[in-house]
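*Asks:* As given, the protein sequences belong to chains A and B, one line each in that order. Mapping to this note's numbering: the first sequence position 119 is 119, numbers consecutive. If you want this note's numbering, it's the 1-based position in the second sequence plus 1000.
The set of hints was computed from the structure by calculation and includes no laboratory data. You can take every hint at face value.
Simulated crosslink set (DSS-like; lysine-lysine; CA at most 30 Å straight-line):
id : chain 1 : residue 1 : chain 2 : residue 2
1  : A       : Lys158    : B       : Lys1018
2  : B       : Lys1018   : B       : Lys1057
3  : B       : Lys1018   : B       : Lys1215
4  : B       : Lys1057   : A       : Lys158
5  : B       : Lys1057   : B       : Lys1215
6  : B       : Lys1057   : B       : Lys1104
7  : B       : Lys1104   : A       : Lys158
Chain residues, written in single-letter form:
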Amino acid sequence: MPVSTHRLRGILRSLAFMASTLLIGALLWQAVASVVSTVRGVDFPTPVATLRHLGSLLSGEDLVDQSLYRHIGDSLRRWVTGFSLAAVCGLTFGLAAGREGVFRRLTLPLVHCLQLIPGLAWIPVALLLFGISEKTTVFMIAVAAFPPVAINVLAGVKEVDATYLRAARMLGARGTTLVFRVLLPGALPHILSGLRVGLGNGWRVLLAAEMVVGTGTGLGYSIIQSRWTLDYISAFACLVVIMLIGLGFERVVFATLERWTIERWRLRDSGGAA
Amino acid sequence: MIALEGVSLRYPNANGNKAPALDNVSLVIGEGEFVCLLGPSGCGKTSLLNLIAGFIKPTAGRVLFQGDPVTGPSPERSVVFQDPTLFPWLTVRGNVEFGLRCMKLPKDERRSRIDECLAMVGLSGYEDAYRHELSGGMRQRAALARVLALDPPALLMDEPFSALDANTRERLQDELLRIWIARRRTIAFVTHSVEEAALLADRVIVIGAPPYSVKREISIELPRPRPRASTNLEETMRGLRAVLDDLPCCLPPQQIV
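Same shape as in the complex, but just chain B (with noise of 0.2 Å):
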């Protein structure tokens, strides 16, 4: 589904020297798992989400997408972002109808599945309120539904829930679930949360540095619904702050191009 095979890269830093982003990156991502990948900030893994979006290409490396090489963004590879960046000027009916004009979908079609997306976030009632009117999860469940909406074959997050608060950080993490088991496409979500890692993931793919690559995957069997305060799942995090913790944190951040 999603693969990497040596990727590289690396962005031109002050002094003109190439600093490595990411250093021969190898992984493959299967169709219908979900996939956290964790590590600190400045460890990559947005570069990495960045990546396999088509938004910045590597240095050296390929990255596949369905066996093709991805060569730029698509609807097939859709993001929810850490900042909703809905757009101000639509509604919420307008940004869910973003995408589905740009696929040239007629209007019945394209209003039963604004309907049916919003009524899946929770956000019926809400369509025609702009940007300013919703709260930062209400944005983010807008802009979770807008890529619903595609109906992608695979979903990238990159830590889409970081900025909410617990409570309702804690919901959306529920309802992303519901939402996966319901439908079962492919997900690679980004986080420094252990927890939100152990809660969610099939796999956890711990980026470390330097150099900046896969450290370690972990795959996490346990059954869902997994609790949050069950001794499992406790067990579960307590291995990843393990590997955590035998990496570097605070490192400077990167340069984004």
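Next comes chain A alone, as it looks inside the complex (with noise of 0.2 Å):
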């Protein structure tokens, strides 16, 4: 089938968009590397001095001792790590609380004590569970990220129509039949927010436990220790990854995602796609 011309005109007025959106980013950028470096006399690096060396330390040149496709990939997997638990902990969690008033009553609270607790709080506790270790951020991360993905899927799970049960039930299903193909379907819209969330929280985190806890590589720790050595345009660069990954997360897997489920099957009353 081809690609009709009006969606084609929509894909590229949304690149025009966003390419405007970058330049007007970049533009004030621009212009406070300008007046910084004139009224403090300091070496504020710039967004084509930054992006030069971005380019340099992707095609291989070392930050803090190592490459930086190393310390992009330990962060994210102790992120993934981190996230995954927290996701699947957070799932069973609100999954059982929507099913179970008295669990719910119980434990609900202290889930809600545990949001109140800014995620770099967690070192101390962190650091005395696990040490100076892997261990430690992920477990900063998973603890940051549960909160919101749990209250999410609960919140999703108590909204489902009550009719959908009715109707799964009188159809014949029972237990996990309810659980998999009615409840989590129906709470979708709720899980993927959660997840959004959390992700975001998780990541936040893990770049702060980088800092503090010295785990030897990550982005984190990379911008930490290009501040020691004065190297502050790698710790720019730094930051552009963390965006651009942050971005594509957003931008990419969970708007995929959300196209894939939510906007296919209507779950929002919407009047259109955005």
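Once you've looked at the hints, go ahead and assemble the two chains, each given alone in its own frame, into the complex.
*Replies:* See the structure below:
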């Protein structure tokens, strides 16, 4: 089937908007860099210089004794491990609490308490539990990502229309069939937004944890080390990488998941695609 | 087939008292019989259907199906709701297949049953459509196909056509009758429409309030098909209307648990 010109025009327009937004950001950054350089007399990396440096890092130049790819890979691995842990626990908790009122009343306040603790405040706890190791950062990511997932899954499960459950039961569904074929898809809009918030929380905590715990590798560790060695331009390059990774997950992974599910099934009442 | 013996249902209301939703209802629906439960809204006819479906339990009395007490919902007593309640995350095929998968039928058999039932309700060609791509009438057809596929001994229908436009409603009534004549399953059909009851039913059970219970049972002996404009049908409707006029209407809604 040929791509309709209407659709093509839509894609071109959103690309144009995206490019313009990037340009505005770059110009603001450039302006700040120029002002800081003249007023304070320090070398504030400009967008062009940062991108050029990022290019040489990407083509293999060492960053804090390791390749940039090693740092990115290690950060991503910790993030994915911690987040997966949080996602599994959060989904299990949300489904169980949605089905069992007593369990919910006993445990939900604890989850709310967890949510009140900022991610970085877990550092002493994490250090006592795991010392200085991979597990420390993974634990901190998991504990920061768990509450939003758990609370949103629970809200989603409780909001699943009771008539869907009645319909499923009269069609013969029991136990796990009800959970996986009715509750999960019915709660999907909430589940996805919970995962999205959890992923963001985890990412922020990861970088902060890497800075403080001193993991030896990772983007957060690189930023703080670059700072000690006054290699500010490397720190800026890391910031750009961090932003790009976050943007990738938000715009590519979650947007695609939503297009495949919520939008295709019209689970939300919306006037149309934005 | 379906028997209610001295069934009462009470919902706790705001003052903590238990308001009777149904009071000492006894009735029998025979095998292959088409029975309409007729009454003003708020009279408890939907509660009655929910009791037979096993969604709720009576406060007193017994609900029996084929001689055994009803303990919960089952595909043997399939329900078509007023709102079609199709699962929006499944296509028409997926919705019809849902119950067949719960029955653990092999794939070939599922496929042939789906095709057969969709053809029966006139939805062939819409297998891959999602709920939002269907009109109200098509959704209710799909909901009907979803339960017909299970070949249930009893079909419970809760005002299934009341939210449709007049023409669609008449078409679906005719098709339901055609399917019922071909298969002869027991049907309990809740309606507030005198015309619908007169057109469809072998027997009309009038529920009224208060106290909420069976007020009258009226057998309709008219042969089928029953033309909508015929004098016989209008005579029957007049009779039903007279029964309803003796009952209070515009009751407050009952709390649904």
